[in-house]
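Residue-level listing of the chains:
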Amino acid sequence: MSRSIGRFVMLLAFTLGIGSNTSFADTPIVELRIRNHLFFPDTLEVPAHTKIKLLVINEDPTPEEFESYELNREKVILGNRKTVIFIGPLPPGEYPFFGEFYPKTAQGKIVVTAQQPSE
Amino acid sequence: MFLNSVVLILQEILEAALLISILLVLSRQLQLSARWFATGMVLGGIGAFILSFNLATISEWLDYAGQEILIAGIMLAVLGLLTLIGLYSTLTPSSSRHALPYLMSICVALALTREGAEIVIYLGGILNHQESIQPTFTGAGIGAGIGLSAGVLLYFGLLSLPARWIFCTCIVLLALIGGTMASQATLLLTQVDWITYSPVLWDSSIWLPEDSIPGHLLYALIGYEATPSLFQAIAYGLGFLLVSISATLGHLNHFHSRRTNTGDK
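Residue numbers (the working numbering), protein chains in the order written: chain A, 1 to 119; chain B, 1001 to 1265.
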């Protein structure tokens, strides 16, 4: 119990900015492209328990919305623009995502594989 | 494109429609003129267009965190406004109620700006696909119709409650929306790494998936999430308490001043 409280206090301190100077260089960057309302690649493999910086590049002239119920993520990316979405750290498993504006074609998933945590 | 458009527009309209219905009922209970509603709608419409035309630039601010920071800011502003609405609507009559129409209209304007911008961006994108325009806009009309109907249903549903329950129910619903605003703002800030990751508290996606009809309805009304994080839950609780405590404080003040006025010291 006291350990979990300690962990909570640590997380809270982290949130309040006390320890939030994490260097972005430590966060792996994964690239995802949108072309003709499709995701390239449509399957992204990432290590478990690691925070990932997802760089989403929309090569279509039309806007798209990256959405995933499993990842709790939702972000509009305008045409011919790029954006950043942080995901994880996640336990191993499959996390589907889709383009909310063109969900019939824009489908993909993130496969989190059990590996050594980055630290 | 048709069905997708129905669902997408419905999602966006529903949240704003429910908030507006609750505020309209509250304003009716307090015998305020509903002119704030028209002002809020017009300002919200203008806001939605301004935001959608500038979102590309805003998104690139702060190392691509601009979109989330701005929208989280709007959500927290709505929470602040709901807190003040809770306080002023329960305070001593006439002394502070003249502020309410302004607060309500800004609240509606901000909610519509956020929801409306996504609709403008989506429908604007469709204009590039000649063959999709007709089914998409038909779907959008139907989605908007269903969303507005849900708002009307809630409005008359609330008014059909026993008179002494109406006011209290409105405050509780506004507090739930306040909780949702805080929780969603937390989620957005986590998405851009401004708030650190916190563990997922529970997973109810098997029992009640977020993408089901009841899931969408509950999301719009009480901010339901199938896999909320610890920080989201804390934020939700704080947002809920902020609105409900401010309403209770106003209420207590109201009683206190009534007792003082009747000489019961």
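Honestly, the hints are just simulated from the structure, not real lab data.
Hints should not be assumed to be uniformly reliable.
Below, a sample of chain A positions facing chain B; criterion: calculated Cβ distance under 8 Å [claimed, not checked]:
no.: 1; residue: Arg-35
no.: 2; residue: Leu-38
no.: 3; residue: Phe-40
no.: 4; residue: Ser-68
no.: 5; residue: Tyr-69
no.: 6; residue: Pro-89
no.: 7; residue: Pro-103
Using N, Cα and C, we set each Cβ at its ideal position, and we do this for glycine too.
Status of the hints after comparison with the structure:
At a threshold of 8 Å, the smallest CB-CB gap from Arg-35 (chain A) to chain B is about 15 Å, leaving the interface hint violated. For Leu-38 (chain A), the interface hint is violated, the least distance from its beta-carbon to any beta-carbon of chain B being 15 Å, above 8 Å. The beta carbon of Phe-40 (chain A) comes no nearer than 19 Å to any beta carbon in chain B, farther than 8 Å, and the hint placing it at the interface is violated. Interface restraint check: Ser-68 (chain A) against chain B, minimum CB-CB distance 10 Å, threshold 8 Å, status violated.
Annotation: Tyr-69 (chain A) was flagged as interfacial toward chain B, and the flag holds, the nearest CB pair being 5 Å apart, inside 8 Å. For Pro-89 (chain A), the suggested interface contact is upheld, since its CB lies about 6 Å from the closest CB of chain B, less than 8 Å. Checking Pro-103 (chain A) against chain B by beta carbon gives a least distance of about 6 Å; that is within 8 Å, so the hint holds.
Checked against the numbered hints listed earlier, the structure breaks hints 1, 2, 3 and 4; every other hint is satisfied.
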